[in-house]
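Enquirer: This is what each chain is made of:
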Amino acid sequence: MIEVSGLTKRYGAKTAVNGLTFSVRPGHVTGFLGPNGAGKSTTLRMILGLNRPTGGTATVAGRPFRDRPRGLRHVGALLDAQDVHGGRTAYAHLSALARANRIPRRRVDEVLGEVGLTEAARRRVGGFSLGMRQRLGIATALLGDPPVLVFDEPINGLDPEGVRWVRGLFRRLAAEGRTVFVSSHLMSEMEHTADHLIVIGRGELIADESLAEFAARGTPQSVTVRTPDASELTPILTAEGGSVRPDGDQALTVTGLSAARIGELAFQHRVLLHELAPRTASLEEAFMELTADSVEYLAGDAR
Amino acid sequence: MTAPTTTVRPAVTEPSARFRDLLAAEWAKLWSLRSTHWTLLLSGLVIIGININAAVADHHNWPHYDAGIRAIFVPIWAMRDAFTLISGMIIMLVAGSIGAITITGEYGTGLIRTTFAAVPARRSLVAAKLIDVTVVMLGYGTVVAGVSFWATQAILSGHHVGMSIGYPGAFQAVAASALLAPVCALLGMGLGAIIRHGAATMAITTAVLLLLPPCFTDHYRWTADIKHAMPSTAWQRLVDVGYGRFGFTVRHPTTTTEAWITLAIWAVAAAAVAVTVVDRRDV
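Protein chains in written order, with UniProt numbering: chain H, 1 to 303; chain V, 1 to 283.
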C-alpha cells in the first residue's frame with residue numbers, strides 16, 4: 001500500500017508536483033499516467049525517498065520509505081533502466097544489491113532466470129540493449145520479493161515479446177496480492193495492464209478511478225457505417241433517433257443507435273452496407289481529452 | 001485485466017540490518033570494476049618505477065659526486081630517491097581520482113538512485129564506502145611506499161648509502177607516503193559528494209592537491225600557514241628528513257606533528273562532508 005498525501009515538490013519557482021493525494025492498493029495493477037513533464041517521476045522518487053518533498057507525505061506500508069534501513073524487501077523499484085554502472089556485470093550489480101540487503105545469493109540467479117538474463121549474467125551492462133537493461137531493472141525490483149513494486153516507464157525499449165511478458169508479470173504480481181504501481185505516458189500501454197488509473201497533469205491529480213470508469217469518460221460509443229447509399233440511409237437513421245455525421249465519401253459515423261439496430265434498418269430499407277463496425281470509446285482519446293489542458297510540452301506550440 | 005483478489009500478503013519479515021553487509025557490498029562494487037584493478041596496478045608500477053629510476057641514476061652517478069653531496073647523501077638524497085616529488089604527485093592524483101570516481105561514478109551513471117532505493121540508510125552506506133576506499137588505498141599506499149623505500153635503498157646500498165627503516169625519520173616518511181593515498185582518496189570522495197560531476201571533481205581535486213600549494217609563498221607567516229595546511233605540503237614535510245638541518249633554513253617552519261594533524265583533518269573533514277552532503281541532497 002502506497003499512500004500519498006498533499007505531496008508537493010517545488011524546484012525554485014517551478015512546481016513539479018502540487019498537492020497530490022492518492023493511495024495505491026495491493027492486489028491491483030495501478031497505472032500512473034500523465035503527459036511528459038507531468039511530475040510522475042518526481043512523485044515516484046519522493047515515494048522512494050530519493051527526493052525530499054517540499055510539502056506533504058508519501059508512505060509505503062505506513063512508513064516513509066527513507067526511515068527503513070534497507071529497502072529491497074519492502075519496495076522493488078525500476079525508475080530508470082539506465083541507473084546502473086556499465087562497467088559491472090549484471091551478476092555483480094545484483095549481487096552487491098543483494099548483499100547489502102542480506103538477500104541470499106541464489107536469489108540473484110533466480111531473478112536473472114526470471115527475466116531471461118541468465119545467459120547474459122556475466123556480461124558487462126555497458127553492452128546491454130535498452131530492453132536488456134529494462135529486464136535487469138525488473139530483476140532488481142524483484143530481488144527482495146517485495147510486497148510493493150514501482151515501475152517507471154518499464155515498457156520502453158522492450159520488444160513485443162518483452163512487452164507481453166511484462167504485462168503478464170505485472171498481472172501475476174498483483175494477483176499474488178502485491179501493490180503494483182506502473183507509470184506511463186501512453187494510455188495504450190495501460191489499457192492492457194492496469195485495473196486502476198491515477199492520472200496527473202502539471203503535477204496535479206486529474207483522475208483516480210478504475211479503468212472502466214475512466215473509459216466511460218471518453219467519447220460516447222459510435223458505429224462506423226460504410227455504404228454506397230449514404231444519402232439514402234442518413235434520413236432513415238436520423239428518423240430513428242440516431243445522430244449521423246458523414247465521415248468521408250461513403251462512410252457515416254452514427255451515435256445513438258446500436259450496430260444491430262442500424263443493420264436491421266438497412267435490411268428493411270434494402271440499403272447495401274459494405275461495413276458496419278461498432279467503435280468502442282478509446283481510452284487513448286479519453287486520456288487525450290482529459291490531459292489536453294495540462295500538456296507541458298506541446299509540439300507546434302506557438303512560443 | 002486482473003480481477004481484484006483477496007490474496008493478503010503476510011507482513012514483511014527481514015533480518016536485522018547489519019553495517020558489515022554494506023561494507024561487503026561496497027567492497028564487491030569497488031572490485032567488480034576492472035578500472036580499479038588496472039588503475040591500482042599500473043599506477044603502482046609507475047610510481048615504484050620512477051623512484052627506482054631515481055635511485056639507479058644516483059647509484060650510477062655516485063662516483064662523480066663531490067664531498068659536499070656525499071656528506072648529506074644520507075639522509076637527504078637517499079630519501080628523495082625513495083619518495084621523489086613526482087611519485088608523490090602521482091600518488092595524490094591517482095588516490096584523489098579513485099576516491100572521486102567512487103562517488104561521481106554513482107551519480108554520473110544514475111546508479112546512486114538504485115543504490116539508495118535498495119539502502120535508504122544513506123549515511124551508513126556512504127560510511128561503508130568511505131571505510132572500504134580508505135582500507136584499499138591504505139593497502140595500496142603501504143605497498144607502493146614500502147616497496148619504493150626498500151627497493152631504492154637496496155640499490156643505494158651498493159655504495160653503502162642506503163638507509164634502513166630504523167634511520168631517524170625513515171619510518172615516518174614511509175608511513176606518511178602510505179597514508180597520503182587514503183587521505184587524498186577521502187578528499188576526492190568529499191569533493192565528489194559536493195560536486196557530483198566526474199570531470200569537474202577531477203579538475204578541482206587536482207587543483208586542491210597540486211595547484212593550490214605553490215600559490216602560497218613561504219615568505220609571510222600567514223601564507224606559510226595556509227601552505228602548511230595543504231595535504232601535499234604536509235606530506236613533503238614528513239618525508240623531508242633533512243628539514244631545517246644541514247644548513248638549510250626555513251623562514252616559517254612547521255613541525256611534523258602539525259603535518260600529521262593537517263593530514264588527519266583533511267581526511268576527517270572530507271569524510272564528514274561526504275556523509276552529510278549525500279544524506280541531505282535529492283538524488
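Calculated from the structure, these hints are not laboratory results.
Be aware that a few hints might be false.
Claimed, not checked - Computed far set for chain H versus chain V, every beta-carbon distance over 12 Å: (1) Asn18; (2) Gln82; (3) Ala98; (4) Asn101; (5) Asp145; (6) Gly157; (7) Asp159; (8) Leu205; (9) Pro228; (10) Thr253; (11) His274; (12) Ser294.
Unchecked claim - Quick look at which bits of chain V chain H covers, simulated, 3 or more residues with Cβ under 8 Å: (13) 7-16; (14) 19-32; (15) 243-257.
Stated by the list, open to error - Not close to chain H: a few residues of chain V, all C-beta gaps over 10 Å, as computed: (16) Ser35; (17) Ser124; (18) Leu125.
Note that the Cβ used here is the ideal one computed from N, Cα and C, for glycine as well.
Enquirer: Among the hints numbered above, which are violated by the structure, and what are their numbers in rising order?
Expert: 2, 3, 4, 5, 15, 16, 17, 18
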